[in-house]
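Undergrad: Same order as they appear, the protein sequences are chains P and E.
Taking the working numbering, the leading residue of the first sequence gets 1, the next gets one more, and so forth.
Taking the working numbering, the leading residue of the second sequence gets 119, the next gets one more, and so forth.
Treat the hints as calculated values from the structure; they're not laboratory data.
A portion of the hints provided could be inaccurate.
To be verified - Subject to a maximum C-alpha distance of 20 Å in a straight line, what follows is the list of computed EDC-like cross-link-like pairs (lysine to aspartate or glutamate):
# : chain 1 : residue 1 : chain 2 : residue 2
1 : E       : K182      : E       : E220
2 : E       : K182      : E       : E229
3 : P       : K13       : P       : D85
4 : P       : K13       : E       : E229
5 : E       : K131      : P       : E111
6 : P       : K64       : P       : E51
All of these numbers come straight from a predicted model, not from anything done at the bench.
Number of protein chains: 2
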Amino acid sequence: MTDIEQGTALAPKWDAAGLVTAVATDHRTGELLMLAHMNADALAATMQTGEAHFWSRSRGRLWKKGETSGHVLRVVEMRIDCDQDALWLKVDAAGPACHTGERSCFYRRIEGGALVRD
Amino acid sequence: MTDIEQGTALAPKWDAAGLVTAVATDHRTGELLMLAHMNADALAATMQTGEAHFWSRSRGRLWKKGETSGHVLRVVEMRIDCDQDALWLKVDAAGPACHTGERSCFYRRIEGGALVRD
Chain P
1 MTDIEQGTAL
11 APKWDAAGLV
21 TAVATDHRTG
31 ELLMLAHMNA
41 DALAATMQTG
51 EAHFWSRSRG
61 RLWKKGETSG
71 HVLRVVEMRI
81 DCDQDALWLK
91 VDAAGPACHT
101 GERSCFYRRI
111 EGGALVRD
Chain E
119 MTDIEQGTAL
129 APKWDAAGLV
139 TAVATDHRTG
149 ELLMLAHMNA
159 DALAATMQTG
169 EAHFWSRSRG
179 RLWKKGETSG
189 HVLRVVEMRI
199 DCDQDALWLK
209 VDAAGPACHT
219 GERSCFYRRI
229 EGGALVRD
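Chain P with its partners taken away, still in its complex shape (with noise of 0.2 Å):
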């Protein structure tokens, strides 16, 4: 046991790129909407604003969700794992969390080693 497991400091984990693993799941429903990565201005904004942002690791920026499809996700409670290399965001969504405009980016089910989608 360590303070970092054990202690009441906010110390995330940064890897190599300076992230953390956020996952998103839906705070009535449960269900895991979508997974991406914050680093330190990202945390930052998300806990000032109360709305998910995240590292885009991609286009190499800072982007708040829902910033162009008005889809934020609103924060309703954020949670961090014993190691503080993760967080996970309980949230409002206003929309689709998916880019492919699913609900949730976990739309297809592994079923004997392929895919279905329900």
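Given the coordinates of chain P, assemble chain E onto it according to the supplied hints.
TA: Just chain E now, with coordinates in the frame of chain P:
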């Protein structure tokens, strides 16, 4: 839209280290239990046995969750996200999912910049 996003073929997008992120939630409550990583062997073992296997980045080896503690995660359903670089495991947990003894690794809430255990 691409085949990766729309197709029925399981084609995980392994990162440079050969890994994808795997998120485990309690299949009854929706609680986020833990976040870990899988390589191709871990995914294959999980699909074959119905029990969650991961790749330990710190130990550099395949591990079955609960192999020593007995706290295995039985996979009820497995889903994959749009770009196939993240897995969602809905599980039936035989015991605490966190190595600290907590039911979930996310046992602390972020509140006003500090951590609260509740």
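Undergrad: If a hint holds in the structure, say so; if it does not, say that too.
TA: Going down the list of hints, with the structure as the test:
no.	hint	result
1	K182(E) - E220(E)	holds (18 Å)
2	K182(E) - E229(E)	violated (34 Å)
3	K13(P) - D85(P)	holds (5 Å)
4	K13(P) - E229(E)	holds (18 Å)
5	K131(E) - E111(P)	holds (18 Å)
6	K64(P) - E51(P)	holds (8 Å)
Checked against the numbered hints listed earlier, the structure breaks hint 2 alone; every other hint is satisfied.
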